[in-house]
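Undergrad: If you want the building blocks of each chain, they are given just below.
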Amino acid sequence: MILEIDNLVKHYGQVRAVDGLSLSIGQGEVLGLVGESGSGKSTVGKCVLRLTEPTSGGIRLDGRDITHLSRRAMRPLRRDVHMVFQDPYSSLNPRFTIEQIVGEPLLHHGIASRREAGGRVAAMLEQVGLRPEMRSRFPHELSGGQRQRVGLARALILEPKLVVADEPVSALDVSVQASVLNLITDLQREMGFSCLFITHDLSVVEFLADRVAVMYLGKIVESGPTAQIFAEPRHPYTQALLSAAPVADPVRQRERRRIVLGGDVPSPVDPPAGCRFHTRCPLAYDACRTSEPALTDPRTSGHPVACHLVTADHVPDAAVNR
Amino acid sequence: MSLLEITDLTVDFDTEDGLVQAVRGISLELGEGEILALCGESGCGKSVTAMSVPRLLPPDTTRLSGSVKLDGRELTTLPESRMRQIRGKDVSVVFQEPMTSLNPSFTVGYQITEVLRRHEGLSRRAARDRAVELLELVGIPLPARRIKEYPHQLSGGMRQRVMIAIAVACSPRVLIADEPTTALDVTIQAGVLDVFRDLRDRLGTAVILITHDLGVVADIADRAVVMYAGRAVEQAPVTELFARPRHPYTLGLMNALPSAAVNGRLAEIPGMVPSPLTDPDECAFQARCTRAQDDCRRKRPQLEPQQPDDHLAACFHPGGQS
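In the order they appear, the protein sequences are chains G and D.
Reading the first sequence from the start, the letters are residues 1 to 322 in this note's numbering.
Reading the second sequence from the start, the letters are residues 1 to 322 in this note's numbering.
Here chain G stands alone, though its shape is the one from the complex:
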């Protein structure tokens, strides 16, 4: 396993952003971590990169425990894990040229001299589809899509084992998004890195991920192979999420059964007792209010769900109110 997260907890003061989450990503695997705002998905990414210190739990990167490593001890490991951010406008230093931005990790880790770096940068820029003359440009001279390509080039130049991508295409227009998604797919196949792809956009996950994990209020409620999750979502929340995302086909969209969730997402300061989703779940019954369902796998291996209603011979349907 390239990444193993075991019972990760991250509390910011009173806010229980991540509250006991386990997942793993294999060699060359793309895991889509899906959730709505406040679900804690970005915090997971920050913990993996150790941009913030986990409260408890364990994170292993390529077999090595990095949960509480000091900044200094973490530094050499930063070759192996890199991040692509959502906003290509604020994540690139405006005073650096593209060549400096992309080449910086090489110099920082002492991997290449300034002269050698030039060649590697040129090769990397070509790989992400940027013309050589872009090297001397500054970020403000580039379009959003081009900037995101620079972000990818910077993240990949050290050939990391793991890339954490936090909403990397959410700020882009559809036509630009398509080319960046194609590029990520190509690069992933060519270079074979593993990827934690964090997003709220289900269609992007369906396109890109091998496996999907769905988060709600700091915990995973369901995970499994992408095709299985989309064909046969088992958790009422996953079912609601999938039913709420409109499809670009008016005939189909207007015939779809939608699951409308009541109320708001509860505060992560004081998450509900029992199942965290019970306050909005159309199927909740007594047990859901008092006992918290464990993430178990009662039906097939590799598709665990945290819901009292999922059993070996029953999958709930949130569209059918009881």
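Hint data in this document are derived by calculation from the structure and do not stem from the laboratory.
Any given hint could turn out to be false.
Label pairs and their calculated CB-CB ranges [as the list claims (entries may be wrong)]:
no., chain 1, residue 1, chain 2, residue 2, range
1, D, A144, G, D87, 35 to 43 angstroms
2, G, E255, D, S42, 30 to 38 angstroms
3, D, L78, G, D87, 52 to 60 angstroms
All residues carry an ideal CB built from backbone N, CA and C; glycine is no exception.
We have chain G; now place chain D onto it with these hints.
TA: Frame of chain G; chain D shown alone:
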């Protein structure tokens, strides 16, 4: 006669770089109780077109020509004092970001009653009662309690509902919604779109919905206008548009969606949008278009009826089927 008629509207902005031609001659009509989607990517002019109706463009730098008629009355030449009576009463606007459009230092109730007292001359008490009704109308639970709360005490979805409540307080004929659900989670988006549908059904409000999301268009719009580089390139009833997109740009947008992937690849639209500073006499899309021929480079195609004739497209070589 349509409720709203925009004829040959052009909008230029004075900038340091020169005259930015944001809207380059657009004509459209909006019927009573109709939901019309204006769609396209960043910079296509969809928001500028819509904001020309309530005249919410910066007066010092905007050069506007053409005609905007509401119920047959010309709005572009109306004195500002008369326009102020129309804004918020006959035409109102819901913006994308509800947190920045609500005043943080006044209660929700105050912000709704302010509109009612100003435009409808209601007493304090009558305005309060009406505010409670309005919050109920947009699906806010416990409205009598909510009106005493401040914007920061509400979730994003609830704030957007408050914005809609303010916008429809005086039963406007035309409601302009600029990416009203873009900042919201999908499970919340579904509920907010239902509010627009419900307002149209119950009050007959006509809606101009500005969106980049074709899923939202498919879900809620009756008719859609696709814009590119300041012009309408295609316009049709929604089912017809999605079943038989004629303009290569519309088709490109639909095929670029992650859900439209073929064999693990997305169809890209190569190239970039043309500069907003120049407007050569050619099809603005020709440089990116796979169907472009010599005629596309010599002359600009006009928006013309196709089969059926309520389907318009500006293309010399329109596609026939999806």
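Undergrad: Which numbered hints turn out to be false for this structure?
TA: 3
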